[in-house]
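**Student:** Oh and the sequence shown: position 87 is 87 in our numbering, straight run, nothing missing.
Just so you know, these hints were derived from the structure itself, not from any lab.
No residue lacks a Cβ here, since even glycine has one placed at the ideal position from N, Cα and C.
Any given hint might turn out to be false.
[Claimed, not checked] In silico EDC-like cross-links for lysine to aspartate or glutamate, where the CA-CA straight-line distance does not exceed 16 Å:
{"no.": "1", "residue 1": "Lys101", "residue 2": "Asp334"}
{"no.": "2", "residue 1": "Lys169", "residue 2": "Asp233"}
{"no.": "3", "residue 1": "Lys169", "residue 2": "Asp214"}
{"no.": "4", "residue 1": "Lys169", "residue 2": "Asp136"}
[As the list claims (entries may be wrong)] Okay, the calculated beta carbon distance ranges per label pair:
{"no.": "5", "residue 1": "Leu271", "residue 2": "Asp192", "range": "25 to 31 Å"}
{"no.": "6", "residue 1": "Arg270", "residue 2": "Asp192", "range": "29 to 35 Å"}
{"no.": "7", "residue 1": "Leu283", "residue 2": "Val22", "range": "54 to 60 Å"}
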Amino acid sequence: MRAAFLDGAEEIAVREVPPSRVEGHLVEIDVIACGICGSDLHGWRHPDLMIGRGRASIPGIAGHEVVAWAPGADDGRGRRVVVEPNLAGNCGKCAACLDGKALFCSNRAPLRSWGFSERMSVNAWSLFDVPDGMADELASLTEPLACAVHAYRASHIFAAQDGTLAGRKIAVIGAGAIGLLATAAAARLGADALLCVARYPRQAAAAETLGAIDVLDPVVDDVVSGIRGFAPDVVVEAVGGGPETFDLAVRTVNPGGEVLVLGLFNDPTRLDTRRAAFRELRLFFSMTYGVIDGRHDFEVALEFLESDPDAFSGLVSHRFPLEETAEAFVAAADKSTGALRIVVTP
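Could you build all of it, start to finish, from the sequences and the hints given here?
**Tutor:** This is the structure we're talking about:
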């Protein structure tokens, strides 16, 4: 089969690779589409950092926002599914897995191939059925939307209000794909008002479509005053990279509020603990998804996508075939392209 390999910093090549063995709980699936995540870009730029965290190998095959065909139907092709990456190779038996927190599985089996390939072999229990009629590209947003959904559902403020953001103001810093999906998730989890910080016109328009009532442009607006004037109960950091946006979130959230961090940072980041202490802030660093109150975040994400497809459909802005995966990453990294979300198709 064909697969796109990350061979080094900003180096991707497509070549033949033997298919993975299918044994035990594994099933082979045929990839339909795979989105390029911000963490994929992070690993493409800085593979040394990702390897150090045990999340990549060189050369290796990335891609975890997967829509695929899986065995299980009588129409000769199977059923359409999305893949929950933490469950794709987890053991299903350790304490973390049994607690619905497969991210922390202590006996994870490494997968030879991920989504930037023609086929994958994954645990059967990692597959969630795509609703009938949902477009493949829309389904590819399930994984990143589940990340945003999880950040709220696992937060203190959500639990304290019996599973709702009703009556709360949410500010989202960053309007890349994860920031836009964090905006969408907050709106659909009951937030009273939403503000988004977006640098580019296309991002600003998407944020408003997804539920933001106000959008700040960091180039022309006084963002600190704007967010403080909005008085958010929760500020979501959805940029990462450098420390500036993390510091902005801590400085602008309401006293007694909560900062949810979805961005990945290149280096250790300082926190003004004195400021945080005197304002009694809560910080939650959210990485992926899991099971909360008996429901998986993927289930919630799929419901949101199915209930309002028109709002989400415009997020997939560019499409590339597998053979052009290298070009797809360049386009995703180049803000001048106007890319919101890019999908790669075999």
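**Student:** For Lys169 and Asp233, compute the direct alpha-carbon distance and say whether it is at most 16 Å.
**Tutor:** Distance of about 5 Å is within 16 Å: holds.
**Student:** Next pair to validate is Lys169 with Asp136; report whether the Cα-Cα distance is within 16 Å.
**Tutor:** It is violated: about 33 Å lies between the C-alpha atoms, which goes past 16 Å.
**Student:** Within 29 to 35 Å or not, the Cβ separation of Arg270 and Asp192?
**Tutor:** Holds: the Cβ-Cβ distance is about 32 Å, inside 29 to 35 Å.
**Student:** Determine whether the Cβ-Cβ distance between Leu271 and Asp192 falls within the hinted range of 25 to 31 Å.
**Tutor:** 28 Å, holds
**Student:** Taking the CB of Leu283 and the CB of Val22, does the distance hold inside 54 to 60 Å?
**Tutor:** 42 Å, violated
**Student:** For the pair supplied as a hint, Lys169 and Asp214, is the alpha-carbon distance within the 16 Å limit?
**Tutor:** 11 Å, holds
**Student:** Are the Cα positions of Lys101 and Asp334 separated by 16 Å at most?
**Tutor:** 34 Å, violated
The structure shown violates the earlier hints numbered 1, 4, 7.
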